[in-house]
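J.: The residues making up each chain are set out below.
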Amino acid sequence: MENHRILKHPILPIEEREDVLFTWNGEPLLAKKGEMISSALIANGINIFGHHHKDGSAQGIFCANGQCAKCTVIADGVSVKSCMTAVTPGMEIRSLEGLPELPDTAFIPKYPPLEKLEVEILIIGGGPAGLSAAIELGKYNINTLLIDDKQALGGKLVLQTHKFFGSEEDSNAGMRGIEIGKLLALELQKYPSVQVWLNSTALFVFSDKKVGILKDGIYKLVTPHIILNAAGAREKFLRFPGNDLARIYGAGAFQTLVNRDLVRPTNRLFIIGGGNVGLIAGYHALQAGINVVGLAEAMPQCGGYKVHSDKLKRLGVPIYTSHTIINAAGKETVESITIAQIDSEFKPIPGTEKSFACDTLLIAVGLNSLSEFTEEAKEAGIQVYAAGDAQEIAEASSAMFNGKIAGLIIAKECGKEEVEDIPSEWYAKAEVLKSHPGKIKDYQKDLPETGVFPVIHCLQEIPCNPCTTVCPTNSIHTEDGDLMSLPVYSGNCIGCYKCVLICPGLAITLVDYRNDKEHPIVTIPYEVFNIPKTEGEEIELMDIDGNSLGFYPIISVIDVKKRHTQLVKVQVPKAIARKIASFRIQEKEISNPLPEPVMPEKMPDDAMICLCERVKAGDIRKMIHSGVTNLNQIKAKTRAGMGPCGAKTCENLIIQLLREEGISIDEVVPNTRRPLFIEVPLEKFPDGD
Amino acid sequence: MDKIYDVIIIGAGSIGVPTALNLALRKQKVLVIDGESAPGQQNNKKAIGGVRATHSDYGKINVCKRSIEIMKNWQETWGDDIGWMSNGYSYPAYREEDEKTLKDLMKVQHSYGLNITWVSPEEYNELVPGINKEELRGSTYSPEDGSCSPLLLGSAYYFHSLEAKVEYHFREKVIGFDMSQSKISRVITDKGIYYTGMVINAAGNYGREIAAMAGINLPVQPENHEAGITEPVARFMGPMVVDMRTRPGSENFYFYQNNEGQIVFCITPKPPITGIDNRSTSTFLPMCTKRMLEVYPRLHNLRVRRTWRGQYPMTPDGFPIVGKTGDNFINAIGMCGQGFMLGPGMGELITRICLDELTESDLHILQSFNPERDFSGMEAFK
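Heads up: the sequence lines are chains E and U, in that order. Here the first sequence is numbered in this note's numbering, starting from 1 and rising by one per residue. Here the second sequence is numbered in this note's numbering, starting from 1 and rising by one per residue.
Just so you know, not all the hints are guaranteed correct.
Stated by the list, open to error - Cβ pair distances, simulated, as ranges: (1) U/K27 <-> E/P103: 50 to 60 Å; (2) E/K54 <-> U/P248: 36 to 46 Å; (3) U/P248 <-> E/E115: 13 to 23 Å; (4) U/H364 <-> E/D666: 45 to 55 Å.
As the list claims (entries may be wrong) - When the alpha-carbon atoms are kept at most 27 Å apart in a straight line, the in silico DSS-like pairs for lysine-lysine are as follows: (5) E/K684 <-> U/K270; (6) E/K236 <-> E/K622; (7) E/K498 <-> E/K441; (8) E/K110 <-> E/K220; (9) E/K209 <-> E/K150; (10) E/K445 <-> E/K498; (11) E/K684 <-> U/K3; (12) E/K110 <-> U/K270; (13) E/K110 <-> U/K133; (14) E/K209 <-> U/K183; (15) U/K27 <-> U/K183; (16) E/K533 <-> E/K429; (17) U/K3 <-> U/K65; (18) U/K100 <-> U/K72; (19) E/K354 <-> E/K378; (20) E/K588 <-> E/K602; (21) U/K270 <-> E/K116; (22) E/K412 <-> E/K498; (23) U/K324 <-> E/K220; (24) E/K54 <-> U/K72; (25) U/K3 <-> E/K622.
Please keep in mind that the hints were generated in silico from the structure rather than gathered at the bench. Note that beta-carbon positions come from the ideal geometry of N, C-alpha and C, so glycine has one too.
Turn these sequences into a full structure, and let the hints steer you where they fit.
T.: This is the structure in C-alpha cells:
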C-alpha cells in the first residue's frame, strides 16, 4: 500500500490520528478519522476517482472546495463529492464510472419547518477580510452573523504556512498566515454580538431579500439589513491541449491537500504561473518534501514578489520566465508537460520546446473576485459592501486592513455615531497594501567590512516592513520611511538575528566579520528542515538569483523552534559573504528536461474549455466564427457552463477565446447568474410543517 | 434607402424563430426584431422541455401533434441532435375527483385520436419506480408525448434560419407602426424604419404592448413561474409527472428526467404572480421540493444544480391568441407557457396564414385561438 501522507513538516504539527478502515472498489484501505474521502484516497496513492459519463475521461480532484464535481465517488451507494464528505468507518467507496444510479428509497421523510432569522449584518466569508470587519462590528456591539463554508475560521490563511508581508502594526507582518488566522479568530471570540456559523455556505441572495444558507447540512433563510461580501476569489484556469488530464489543478486545491490534510499528492510537481500564489505553492511543496521540477511564467519577470521567486530559485527550483505551456501529456493523468519560450507577442518560438516528467501540474494563473454575492444583493435591493479578494485581488495583509475599514464604515452606517471618520491616510495605506511590486534596485553599497550587520537581499519595492520595526537598536529603515520602499541598514547591529528571523522573504542574512575579517561568518535563515541541515554538512551556497557560490561546510546550526526556523552558519571568504542568500536543497537532476520534447498529439482546438460538460476550444471557436458573442447562446448549443461547477471554470476561458478572436469585451454578453452557488440535495429545501 | 421585407416578425423566441425559418424556406424575405442580444433569451430558454399533444381541444392537440412529429424527425431532417425522447406524460390521480376529471377528458382525447391510457398504481410504479403509492388511484399515460432540449432546438432553428437568409436585428425595440387604415405599412423601431408586407407579433411577454401599437387590445398577462434542474443520474424514470393537486401557495407542479439524465421541475404559484420579474425567490425551492419529495421520495438525494424564473404569457381562458387582424397583422401571442411545445407546429401554421394557404383543419384549429373570441371560457386541462 502506498503512503502519501506527510509525516514530517517544518511548520505544521503532525498529530496522531485514529485509523479508519474503508474499502475502495472492494479493496480495504486506511483513512484518518474525520478526513475527507478525497484526501484518504490520495494518501493511498489513488488519484483517479472515476470516469466521465460523456467521454470516459479520467476524473479526480480539481477544486478540493466543493465547487465542482470532478472528485465525485459513490460512498455507500450514494454519489458524493469526495472533497466534502468525510470517510466513516467501514464506508464502501467506489469509483464513479459514468452516470451514478439513483438509489431507491423506501421511506417518505418528514421535514421540519425551515428556520428563518433576521440579522443586522451578514458577513459572507471568515477569511482575513471578513474576520477583520467582524472584529470592528463586534467592538461596537452590532448584531452580526459571520458565515464560512469551512470547518475553521481563517479562510485561506489556514493554508498559509509562510510568514506574511505587510506592516507589523496593521496586519501582523512577519507572522505566519496560519497563526494570524488563529489570532483573529481568537480576538473575535471576545465580541458576543458576532455570531459565527461554520460549515455554512451561502447559496444565493434571493430577490425577497433573504439569503439561503446551508449550515451543517441544514437550510436556513437569513434576512440581513446589510451584507458584507468577503467571500474571496476563485482561481483562473488555463487553456492548453491536455488540460483535462487528471492531476491538473489549482493552488487552492494543492494547498488544501498539503497544508490542511497533510497528504502529499505528488512526487514531481510542475507549476504554471509566477505570481505570488504559484511561487508560494512551490515553496509549500518543498516544505512538504515534494520535488518541484520547475515553474513557468509567461511574462519576462515573475508577477509575484521577487523575494518569493528568489527563495525558490536559490533552493534549486528553476524558473522559466517568458515561457508558456504547450501541452500536458499522459494516458489518464499527467506524465509530462512541455513548455516553450515565447516571443514578444506571446507566440511560442519553435525549437525552444522542453519537456519535463512530472505527475502533477499546478495552475496558478491568477484569481477572479467572487463578486456574485455583491451583484445578487444589489439586485435584491440589499445594501452591500465588499472587502478582501471579493472586492479586489490583493494580498491577505491588504484584505485585513480593508476588512477593518469596511467594518468601521458599516458600523457607522448602523447609526453608531461614536465611530470616527476613517482617516484619509488609512485609505492611502489601503492602496499601498494593494499595490503590485515596484522597482527592482541594487544591493546597498555603503556597507563596511567590519563588525556585524544584516545584508538585505530584498531588492524590490513591496509593501512590507517588519524588519524595520523589529530591530532593537532601530537600525533598519525603509529608504524614505514609506512602507513600499526598500529597507536599508544604518547603525548599530548587535547581531541579535531578529530581522533574520522575521523577514517573510527569508531575505536577510547576517554577516559577521568580528572573528575573522577575511573569513566572515554568514547566518542564513532556513525553514525547510524536514530536509534537516546539521553541522559539518557541505552545502552549495547560492546567490540571490540561484547561481552557485561553491560548496562550504556548515559550522553550526541554531534551532529556533518557536519560529520554526533554523539559523544555518557558514564561514566563507569575504568575497562571497555578502552574496550568499541561501543554499540549494533540491538536486539539479530533478529539474532535468527529457532528452526529447514530447510534441503535442492534440491540437490547440482540443484544449478543454468546459471540463464539466467536455466542451473543446474548437467547438466554442466555431460558434464565435458564426458571429455569436453571447455566452448564454454558446451555452445553449454546446452546454459549456451547464455542468456542476456552474461556469465557474469555463466562463473566463470562453471570454479569453472571444478576445483572442478579436471580439471587444463590450460585445460579450456574460452568463446569467442563477441559484445555486453549489449543488445541494433536494431534501435540504422542503419547508415542512 | 429604407429596407423592404415580405414579413417582419417581432420576437425571436419560441414562435418567432420557427416561423422565420418556415417563411424563409418559402422564399419570403424575413426580418426578425428582438430587444435581447440573442435569440430565445426570454421565455424560450426557460421552458423545461416537455412536449405533449394530450391537451383538451382540437387546436392545441393538433398543433402539438405536428410539433412532436417535427421534433421526433428533427435529427433525420436537419442533422442536429435536439435530445428528443418519447418518454411520455402522466397525470397521477390521488383524489377521486381528479381520477374522474382525467378519465372524462380521456374520452375527448380518444375522440381526437390521441394515444392515452389509464394505468393502475402498480403499472405506474413500473413507469415511475418508487412513486408514492399511498392513496394513488392510477394515472394517465400518453407514451407518444415527450421532451427535448429547448436550448438545442432553439439554437437549431436559429442557425438553420440564418442559413435560409433570415435577417435578425437584436438589441432593437419596436416602438410603433405606420398605419394606413387597417394596414401596417412600416414598422418603426428605436433604430430604424422598415417597410413590410406582413407583420407577425410573436413578442411573448410584450405581445399585448405590440398589439396595442396597432390599436388592438389583447388580454395577455405574464405570470411568473420558477423552475429548477438537478445533476444528471442514470435513467430511472419514464414520463413527465404532473401532480394536479393544489396546496397552499401552489397549484400543479411537474417534473421529468431529461435526455441528459437531469430532473427538471416547475411549479405554478397560487395566487399567480403577475408581471415580469426574472429574479429568483426564496420561496420556490422550499415549496416545490416539499411537494416533489412527497410524491417521489426517491429524489431526495439528488442535488439541485440551478433554478431560474420566467413567465407564462397567460390569456384569460388558457388558449393562445393566433390569427390575422386587419390586412396584414398576425398575432401569435399568449402561449400560456406552452410556446416551446406549440412553436414548431405553430411556425408552420402561421406560415400558412401568411401565405393564405389555410386548410380546413387549420381553420378548425384557429377557432380555439381566435383573437376576437369571448375569453370567458376556461381550459379544462392545464
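J.: Are the hints correct? Go through all of them and say.
T.: Hints versus structure:
Range check, U/K27 to E/P103: Cβ separation about 56 Å, and the 50 to 60 Å hint holds. For E/K54 and U/P248, the Cβ-Cβ distance of about 41 Å falls inside the hinted range of 36 to 46 Å, so the restraint holds. For the hinted restraint 13 to 23 Å between U/P248 and E/E115, the CB-CB distance of approximately 19 Å keeps it satisfied. U/H364 and E/D666 have their C-beta atoms about 50 Å apart, which keeps the hinted 45 to 55 Å range intact.
Annotation: proposed proximity of E/K684 to U/K270 holds, straight-line Cα distance about 23 Å (limit 27 Å). For the suggested pair E/K236 and E/K622, the alpha carbons sit about 23 Å apart, so the restraint of at most 27 Å is met. Proposed proximity of E/K498 and E/K441 is supported: the alpha carbons are some 24 Å apart, at most 27 Å. For the suggested pair E/K110 and E/K220, the alpha carbons sit about 17 Å apart, so the restraint of at most 27 Å is met.
A hinted pair counts as satisfied when its Cα atoms are at most 27 Å apart, and E/K209 with E/K150 qualifies at roughly 24 Å. For the given pair, E/K445 sits about 22 Å from E/K498 by alpha-carbon distance, which is consistent with the 27 Å threshold. Between E/K684 and U/K3 the CA atoms are separated by roughly 56 Å; this puts the pair beyond 27 Å, and the hint is violated. At roughly 23 Å between alpha-carbon atoms, E/K110 and U/K270 fall within 27 Å of each other, so this suggested pair holds.
Between the alpha carbons of E/K110 and U/K133 the distance comes to roughly 16 Å, so the proposed pair stays at or under 27 Å and holds. A distance of roughly 48 Å separates the Cα atoms of E/K209 and U/K183; the hinted pair therefore is violated under the 27 Å criterion. Proposed proximity of U/K27 and U/K183 is supported: the alpha carbons are some 22 Å apart, at most 27 Å. Taking the CA atoms of E/K533 and E/K429, the gap is near 40 Å; set against the 27 Å cutoff, the hint is violated.
A C-alpha spacing of about 37 Å is found between U/K3 and U/K65, which places the hinted pair above 27 Å, so the restraint is violated. For a cut-off of 27 Å, the pair hint linking U/K100 to U/K72 is broken: about 32 Å separates their Cα positions. Between the alpha carbons of E/K354 and E/K378 the distance comes to roughly 49 Å, so the proposed pair goes past 27 Å and is violated. Under the criterion of a C-alpha separation no larger than 27 Å, the hint pairing E/K588 with E/K602 is inconsistent with the structure, at around 31 Å.
A threshold of 27 Å between alpha carbons decides the hint, and for U/K270 with E/K116 the separation of about 22 Å falls inside it, so the pair holds. Distance hint between E/K412 and E/K498 is unfulfilled; the C-alpha atoms sit about 40 Å from each other, more than 27 Å. With a C-alpha separation of about 52 Å, the suggested pairing of U/K324 with E/K220 is violated against the 27 Å cut-off. The suggested pairing of E/K54 with U/K72 holds, with an alpha-carbon distance near 23 Å, which does not exceed 27 Å.
Restraint check: the Cα-Cα separation between U/K3 and E/K622 comes to about 30 Å, which exceeds 27 Å; the hinted pair is violated.
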